[in-house]
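**Q** All chains, full assembly: derive it from the sequences and hints.
Anchor point for the sequence shown: position 5 equals 5 in the working numbering, and the numbering is continuous, going up by one each time.
Hints in this document: simulated from the structure, not taken from any laboratory. Just so you know, these numbers come straight off a predicted model, no measurement behind them. The beta carbon of each residue, even a glycine, is placed where N, CA and C say it ideally should be. Hints are not guaranteed to be accurate.
As the list claims (entries may be wrong) - The list that follows gives simulated cross-link-like pairs (lysine-lysine, BS3-like), each with its CA atoms no further than 25 angstroms apart:
1) Lys10 - Lys22
2) Lys2 - Lys85
3) Lys3 - Lys85
Stated by the list, open to error - For each label pair, taking beta carbons as the anchor points, the in silico distance ranges come out as:
4) Tyr89 - Lys2: 13 to 21 angstroms
5) Leu75 - Lys11: 16 to 24 angstroms
6) Gly88 - Ser23: 33 to 41 angstroms
7) Asp36 - Leu82: 16 to 24 angstroms
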Amino acid sequence: MKKINCWEFKKCGREPGGELSKSLGVCPATVSRSMDGLNGGKNGGRICWLVAGTFGKARASYADCVEAERLNSCLECEFHNLVLKEEGYELNETLPSALSLKAQTGSLP
1 MKKINCWEFK KCGREPGGEL SKSLGVCPAT VSRSMDGLNG GKNGGRICWL VAGTFGKARA
61 SYADCVEAER LNSCLECEFH NLVLKEEGYE LNETLPSALS LKAQTGSLP
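**A** Following this line, the structure appears as structure tokens:
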């Protein structure tokens, strides 16, 4: 099963070359190389809720992603919950350990 990234799931058009990238800018999740590979995604595409600077509903009504400091809204995001389910995360163990592992080894298991 192919794992999809947030911009593919939400069809926001904010990926590089996307329909809305010129008018609204490229979403930081699509180019966050430090998050590449986490949860099997491209750049921050499957961990968008941890990418600082992602746009929330207050800035763009079509986007369901939120800024890192608004984590509670991410808990209600359909894509966020899909990724957690697909990756087998329990909410209380979610990504700090994955980020720590990536920082230590440069990759995920």
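**Q** Now, for every hint given, state plainly whether the structure supports it.
**A** Taking the hints in turn, this is what the structure says about them:
The hinted pair formed by Lys10 and Lys22 meets the criterion: a straight-line CA distance of about 18 angstroms does not exceed 25 angstroms. For the suggested pair Lys2 and Lys85, the alpha carbons sit about 15 angstroms apart, so the restraint of at most 25 angstroms is met. The straight-line distance between the Cα atoms of Lys3 and Lys85 is roughly 12 angstroms, inside the 25 angstroms bound, and the hint therefore holds. A C-beta distance of roughly 19 angstroms is found between Tyr89 and Lys2, which places it inside the suggested range of 13 to 21 angstroms.
Range check, Leu75 to Lys11: Cβ separation about 22 angstroms, and the 16 to 24 angstroms hint holds. At about 38 angstroms, the beta-carbon gap between Gly88 and Ser23 stays in the expected band of 33 to 41 angstroms. Between Asp36 and Leu82 the Cβ separation comes to about 19 angstroms, which falls inside the hinted range of 16 to 24 angstroms.
Every hint, counting from the list given before, is met by this structure.
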